[in-house]
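J.: One line per chain: the protein sequences are A and B, in this order. Taking our numbering, the leading residue of the first sequence gets 1, the next gets one more, and so forth. Taking our numbering, the leading residue of the second sequence gets 1, the next gets one more, and so forth.
Simulated from the structure, these hints should not be mistaken for laboratory data. Honestly, I wouldn't trust all of these hints.
[What the hints assert, rightly or not] Label-pair distances were calculated between CB atoms; the ranges are:
no., chain 1, residue 1, chain 2, residue 2, range
1, A, A176, B, P373, 35 to 45 angstroms
2, B, V249, A, D116, 23 to 33 angstroms
3, A, D116, B, P39, 51 to 61 angstroms
4, B, G302, A, T62, 46 to 56 angstroms
5, A, D116, B, R169, 34 to 44 angstroms
[As the list claims (entries may be wrong)] Below 35 angstroms or equal to it, Euclidean Cα-Cα: the simulated DSBU-like pairs (lysine-lysine) are:
no., chain 1, residue 1, chain 2, residue 2
6, B, K172, B, K261
7, B, K89, A, K160
8, B, K333, B, K89
9, A, K177, B, K227
All residues carry an ideal CB built from backbone N, CA and C; glycine is no exception.
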Amino acid sequence: MPDIPSSIDALVERLARNMAQRVSRRSFIGGVGALLFGTAGMPLLPVARGESTTPAGPNTATNPGDPQTCEYWRHCAIDGFLCGCCGGSGHSCPPGTEHSAVTWVGTCHNPGDGRDYIVSYNDCCGKSGCGRCLCSRHEDDKPLYVPFRSNDYNWCPGSKVGIAYHCTVARIVGVAK
Amino acid sequence: MNRTQRAWRRAALALLACICGERGWAQLPAEPPAVEQLPSRPTPHWVWVNDTSFFAYPDGRAFLVDGDSGKMLGMLSTGFSFNGVLVPKAGGVIYSPEIYFSRGTRGTRTDVVTIYDATRLEPVGGIEIPPKRASILPMAAAQVLTDDERFLLIYNFTPAQSVTVVDTRSRKFVGEIETAGCALVYPTGPRSFFSICGDGALLVTTLTDAGTLASHVRTAAFIDVLKDPVTEKGVRWRDTWLFASFEGVLHPLRATGASVKAEPTWPLFTSQELAQHWRTGGLNHLAMHGGSGRLFAIVHQGGPETREELGEEVWVYDVASRKRAQTIAMRNKVGSIQVSQDSHPLLFACAMENNRLDIYDATSGKYLRTVEPLGQTPALLVTP
Numbered sequence: 001m002p003d004i005p006s007s008i009d010a011l012v013e014r015l016a017r018n019m020a021q022r023v024s025r026r027s028f029i030g031g032v033g034a035l036l037f038g039t040a041g042m043p044l045l046p047v048a049r050g051e052s053t054t055p056a057g058p059n060t061a062t063n064p065g066d067p068q069t070c071e072y073w074r075h076c077a078i079d080g081f082l083c084g085c086c087g088g089s090g091h092s093c094p095p096g097t098e099h100s101a102v103t104w105v106g107t108c109h110n111p112g113d114g115r116d117y118i119v120s121y122n123d124c125c126g127k128s129g130c131g132r133c134l135c136s137r138h139e140d141d142k143p144l145y146v147p148f149r150s151n152d153y154n155w156c157p158g159s160k161v162g163i164a165y166h167c168t169v170a171r172i173v174g175v176a177k
Numbered sequence: 001m002n003r004t005q006r007a008w009r010r011a012a013l014a015l016l017a018c019i020c021g022e023r024g025w026a027q028l029p030a031e032p033p034a035v036e037q038l039p040s041r042p043t044p045h046w047v048w049v050n051d052t053s054f055f056a057y058p059d060g061r062a063f064l065v066d067g068d069s070g071k072m073l074g075m076l077s078t079g080f081s082f083n084g085v086l087v088p089k090a091g092g093v094i095y096s097p098e099i100y101f102s103r104g105t106r107g108t109r110t111d112v113v114t115i116y117d118a119t120r121l122e123p124v125g126g127i128e129i130p131p132k133r134a135s136i137l138p139m140a141a142a143q144v145l146t147d148d149e150r151f152l153l154i155y156n157f158t159p160a161q162s163v164t165v166v167d168t169r170s171r172k173f174v175g176e177i178e179t180a181g182c183a184l185v186y187p188t189g190p191r192s193f194f195s196i197c198g199d200g201a202l203l204v205t206t207l208t209d210a211g212t213l214a215s216h217v218r219t220a221a222f223i224d225v226l227k228d229p230v231t232e233k234g235v236r237w238r239d240t241w242l243f244a245s246f247e248g249v250l251h252p253l254r255a256t257g258a259s260v261k262a263e264p265t266w267p268l269f270t271s272q273e274l275a276q277h278w279r280t281g282g283l284n285h286l287a288m289h290g291g292s293g294r295l296f297a298i299v300h301q302g303g304p305e306t307r308e309e310l311g312e313e314v315w316v317y318d319v320a321s322r323k324r325a326q327t328i329a330m331r332n333k334v335g336s337i338q339v340s341q342d343s344h345p346l347l348f349a350c351a352m353e354n355n356r357l358d359i360y361d362a363t364s365g366k367y368l369r370t371v372e373p374l375g376q377t378p379a380l381l382v383t384p
C-alpha cells in the first residue's frame, strides 16, 4: 500500500512546480481572487444550500405569526406539509429526516419589520409524507422550467436518502435588496 | 279433530313445507373463482384517473372509470411519486413510469416503465431506466409518446435536467438526452419534441430513427418569464401547442418537426374580465377537444398568486374564432380537467383537494354524474 501522505506531498509539489512554470504571479493572484470572490458569492445564488443559521424566534414583534399555520408570512411560496406540524419547526427538519441540499427560494414580506426576506424552502426527506398542515401558496412562484423558483418539484432528489418527501421548512437566508 | 279438520291441517302443513322447505327457495348457483377482464378496445368515454397519493407517496394508483356508467373498471398500483399512465392509440398495453425503493421509502431506488396488458391490467413487462425521473406535481408534459408511439420520453430532474428515451418496440432503454436549463417534453412529430427553457426560449430536439440525439436547436425567447410566464400545462391542437400565461394570454406555438414558431397571441379574458380578476387556475387547467376545436379552461377570480387555485367554472373557447363560446358551471371546485375526443364528448373534472370525479356533457355543459370516493389526491386525467 503506498504512503498516502507522501504521495499527496509529491502530487502537490509537482502541481505547484508545474503551475509556477506556466502561470505568472499576477494571473495566479487574479485566479485566487476570482476563486475567493466566487466562493463568497455562492451563498447569494438562488440555489439555497442546507447549512443552517441561528433562527429568529416566532411569535415576536419582529417575526409575527405561527409557523404551524399556512398564513405565516414566511410561507408565501411554500407547497407541502409544514415541518412545524411534523416534529420539526419552521426552520428545522423532524428527527430522522434529511435536509435537502438544494431547493427553491421565495421572497416574502415580513409585516413585523417591513422587510422582504429571501426564504429557502428546503424539503425534509427520507420518510413518507407527514400528512399534516398541507399548505400551498404561490407568491412569485414560477413554472417548472424555472426550477429554483418553482415549488412544484420534490426537492429531495438532491439529498442522500433519495426522493422520499416528508415535509418542508421555510428558512430565512437573507434580506432581499 | 274431525276428518275435515285433519284434511285441512294436512293441506296446510304440505303448503308450509312447500313454501319453507329446501325445495321452496330458488337456489343460487355455485360461483367459481373469477377475475374480470376488460374489452379489448376501450370506449372513448373511459378515463384514467391518475392519483399521486400525496399523503401516501409510495402508493400511487391509476383508476380506470367508465364515464357513461360512472363505474370503476379497475386499478393499477403504480409506485412512488406517480405522475400518470400513457395509453397508446395502438391499444393492447398501458405504459406506466414508476419508481420503487427496495425498502418502501428507502433503500435502492429503481425506476421502471411497467407495461400492463390493457385488458387484464396485469404487468407483462418492465423496462428499467435511470433513477432520475422528475418527482413533481403531476402533469402531462412530464412523459409523452412520440407521434408514432415508437419512443417514450420521460423528463428527468436530479436536479440536472435531461430526457430518458425508451424504445417501445424493442422494449429497451435507449439513452438519455441532456436538456440543460430546459424542462419537460412536448412532442411535435414522430422524431421530435421541444422543452421550455428558463429564459423563455424553446429547446427543439430531433431524434434519429434509433432514438438517439440527432440535433438540438434553441429558439429565441417567446415569453418574458419574469413578466408573464406561461404555465407548463400546454395542450395540442393539430400542429399547434397552446399555452396560457399567468395573466390570461394564449400563446400558440406552431410546431412541425424541428420547426417551432410562435404565432400571434390572443387574450382569454376581456379587459373587463381582467378588471374583475378572472384568470385560469388549477393544476392541469386546460383541455382540448380536437374535433370541434374547442379549448376548455378552468377559471376563477383571484390575484396572480392564485394560479393553482381551484376553479368554479370552465370557460370554453372556439380556438379558430378566438372567442369564448360557452361557460360551464362546475358542481364542485376543480383543479384538473380532460375531455374525451369523440363526437359526443364528456368533460371529466377532479381536484387533488378531494377524491371524486365529476362528469359533464362537454357539448351542453350538463352535469351528469359523480364518482366518489375515488383515490386520495387525483391530479391528472388521461383519456384513451
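J.: Indicate whether the distance between the beta carbons of A/D116 and B/P39 respects the range 51 to 61 angstroms.
T.: This hint holds: roughly 59 angstroms between Cβ atoms.
J.: Take the C-beta atom of A/A176 and the C-beta atom of B/P373, compute their distance, and say whether it sits inside 35 to 45 angstroms.
T.: At 43 angstroms between Cβs, range holds.
J.: Lying within 46 to 56 angstroms: is that true of the beta-carbon distance B/G302 to A/T62?
T.: 30 angstroms, violated
J.: Straight-line Cα separation of B/K333 and B/K89 no greater than 35 angstroms?
T.: 31 angstroms, holds
J.: So the hint says 34 to 44 angstroms: do the beta-carbon atoms of A/D116 and B/R169 match that?
T.: Between A/D116 and B/R169, where Cβ atoms are some 54 angstroms apart, the hint is violated.
J.: For A/K177 and B/K227, compute the direct alpha-carbon distance and say whether it is at most 35 angstroms.
T.: 19 angstroms, holds
J.: Next pair to validate is B/K89 with A/K160; report whether the Cα-Cα distance is within 35 angstroms.
T.: It is violated: about 40 angstroms lies between the C-alpha atoms, which goes past 35 angstroms.
J.: Does B/K261 sit within 35 angstroms of B/K172, going by the straight-line distance between their CA atoms?
T.: 33 angstroms, holds
J.: Confirm or reject the claim that B/V249 and A/D116 have a C-beta distance inside 23 to 33 angstroms.
T.: 28 angstroms, holds
This entry does not satisfy hints 4, 5 and 7, going by the numbered hints stated previously.
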